[in-house]
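Engineer: We have chain A already, so just place chain B on it with the hints.
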Amino acid sequence: MATSEPKGAESGSAVTLENVSKIYELGEPVHALDGVSLEIPRGSYTAIMGPSGSGKSTLMNLVGCLDTPTEGTVVVDGQDVSALNDRERTTLRGTTVGFVFQTFNLMPRLTALENVALPQLFQNVDRDVRHERARELLERVGLADREDHLPNELSGGQRQRVALARALVNDPAIVLADEPTGNLDTDTEDDVLDLFADFHGAGTTMVVVTHERHVAERADRIVHLLDGKLERIESLDDDRRSSGEASH
Amino acid sequence: MRPLESLRLSWRSIRGHKLRSSLTTLGIVIGIAAVIAFVTLGASLQAGVIGDISPDDQRNVYGWAAEPDTEGGPLAGAQPVFSEDDLDELDDHDDIDAAYGYMPISTQALVYGGEISPQSDALVAAGPSYIREETLDEGRQFEQGEREAVVNPAVAGQFEEDIEVGDELLIALQGGEQTSVTVVGITDTSEGLSPFEGFEPSPRVYVPTDPYYTEDAAGAIPGGADDQDGDDGGAAGPDLDADGALYLAIVVEAESADDEAIEDARESALAYLESEESDAGELLGDDLEVTLQTSAELLQQLEDVLDLLQNFIVGIAAISLLVGSIGIANIMLVSVTERTREIGIMKAVGAQNRDILGLFLAEAVILGVVGAILGTALGLAAGYLGAWYIDLPLVYPYEYVVLAIVVGVVVGIASGLYPAWRAARTDPIDALRYE
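Residue numbers (the numbering used here), protein chains in the order written: chain A, 1 to 248; chain B, 1 to 435.
Extracted from the complex, chain A is given alone in its bound form (with noise of 0.2 Å):
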């Protein structure tokens, strides 16, 4: 189940980025995150926007754990990311961090169940635990009677969704999306983007990284970031119409 509660209430927010910055040794040094600091709330429905280069993928795999900043601190889930050695940095991706790629990035011979059940796979639950925690999901997104089906058995916009179910397998902290609907189709990626705002609802914490505006704006906030900078906060209200300069 998606959270109803926010995890460790002793903290405000499920990320904390502070001065961070990322810097590339590639024979002259490139800022990818030059001096970043942002705050994701719990329960908040956060949309990064930036042109190529602007330093999107750098945050996305600082804020999920993949990476570490050269610069600055990244709290997640109440910890301090570049204080924690490999493994256990694995341990917190794996346990407070959920993925959706847009290539879905779905194991090609596990079943949708399977891949959905993946993550528990790494956290020693029990077979038949992760498979009814799997079914449970693939029910909320929808997919119950696929469950036996290979993903290139399935749909783009079925292989979205298994993902989403798998990110929330674990009950995360934090729900990163990576261009989510960047390979479904107009139809589809309204589908997985109500399933989004559903599991919002619900009290998931959700960071979509798009170039898309009509995606971005589904969220409750857009992150602008520009050269590894960011840019502006742009706070969208309940409507979703209009729009205003952040201040942070």
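Hints may contain errors.
[As the list claims (entries may be wrong)] So these bits of chain B aren't anywhere near chain A, every CB distance computed over 12 Å:
hint, residue
1, Ser117
2, Asp162
3, Tyr418
[Stated by the list, open to error] From the structure, some residues in chain B lie toward chain A, with a derived Cβ separation under 8 Å:
hint, residue
4, Met1
5, Glu5
6, Ser13
7, Val349
8, Gly350
9, Ala351
10, Gln352
11, Pro428
12, Ile429
Keep in mind that the hints were calculated from the coordinates and are not lab data.
Being a predicted model, the structure only gives us computed values, none of them experimental.
Just so it is clear, CB atoms sit at the ideal spot from N, CA and C, and this is done for glycine as well.
Structural biologist: Same frame as chain A, but now just chain B:
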């Protein structure tokens, strides 16, 4: 990740590439099958051969003269040097219970009841005690100086009417002469009665050296004398003072089967045969050397040859295993590259490095073990067919079956370790971007 889950997942990906996986294990299958088949055959052969040594045979010392270092087992390169006088002299030694000559005689055919059966090398001339009591199924040993014979079941059963004790048998010798024998006994086995004959079943008629060798056949044997009057035979040398036939080999029976008694008999016989006193000693010259060995020792030589052969096969199999494990390593490396993205996915959703390592290692070990099991089954089947074909008692070397499985695991680990390590170190960010 739990080991059982790793195995389950690995098995899934092996089954996803059936042909590739089968071909990969083939090297292991062939290597293991070769070892198991030859070890089975070797063990069966040993069991078959050793089962043929009867306790009474243990006190026999078999001797022949050949150039030193001649290889090939009993009678290899043997020259006839042992005279009747030598045998009489040895017979009188205190340490020696009995000594008699052994001579295979070339034949053309056996004739019984008007029926002719072409047979070469069916006739063996020896002393009476060559036929041991316990090998007699019917009748008795032949007596020296009598025209009597003991036949084995392969001879007895080969004519339209079975030969029985008391029947007359005609033997056509190589020279064209015919001689007759009265059958006085039938043995219970058609296998050879001593290492001289070899151990495979074959029709044989056992007769006393006197008169069959000394009188009838001597003329047909190169180096043998023409008669008993002491004419010097051609190859025997002009200064030979023998009174007749020369034997190709001798059998010396020790007083008992004790190691000490056998050693005494052997030393006593050897000392005499190599001395100037004996005809053999004169004939040996500088070129020949007398070998005196027991059945057990001769079998040891045979076993040594078998061991050598087995080591050779194991060596070849080891190469096959090496090639097989390189094959597994290679296919695992390909597999790691192919599944880079899957590795990235698993790491993104929380797989630790050791989980990935375990998955790929399990895959390599499964390939190795499946190869080992198939190889063992194939090897046992081949060993069974081989033993059945050569007519040996089947002995399965069970310890080798266990060893084969262990080898499969070891090969799997050895060949999977590097690819699995590479997979485990894959960076998830790069892997997720990998197309």
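Engineer: Confirm or reject each hint.
Structural biologist: Right, here's what the structure says about each hint:
1. Annotated as non-interface, B:Ser117 keeps its C-beta farther than 12 Å from every C-beta of chain A; the closest such distance is 69 Å.
2. Every C-beta of chain A lies more than 12 Å from that of B:Asp162, the closest at about 70 Å, which supports listing it as non-interface.
3. Residue-level check passed: B:Tyr418 sits 20 Å from the nearest beta carbon of chain A, beyond 12 Å.
4. Taking 8 Å as the C-beta contact cut-off toward chain A, the hint placing B:Met1 at the interface holds, the least distance being around 6 Å.
5. Interface hint status for B:Glu5: upheld, as the beta-carbon distance to the closest one in chain A is roughly 6 Å, under 8 Å.
6. A distance limit of 8 Å between C-beta atoms decides the matter here; for B:Ser13 the minimum to chain A is near 6 Å, and the interface restraint holds.
7. Interface hint status for B:Val349: upheld, as the beta-carbon distance to the closest one in chain A is roughly 4 Å, under 8 Å.
8. The interface hint given for B:Gly350 holds, since its Cβ lies 2 Å from the closest Cβ of chain A, which is under the 8 Å cut-off.
9. With a cut of 8 Å, the hint placing B:Ala351 at the interface with chain A holds, because the nearest CB-to-CB distance is about 5 Å.
10. Because the closest C-beta pair between B:Gln352 and chain A is about 5 Å apart, less than 8 Å, the hint holds.
11. Annotation: interface hint on B:Pro428 holds; nearest CB of chain A at approximately 6 Å, less than 8 Å.
12. With a cut of 8 Å, the hint placing B:Ile429 at the interface with chain A holds, because the nearest CB-to-CB distance is about 5 Å.
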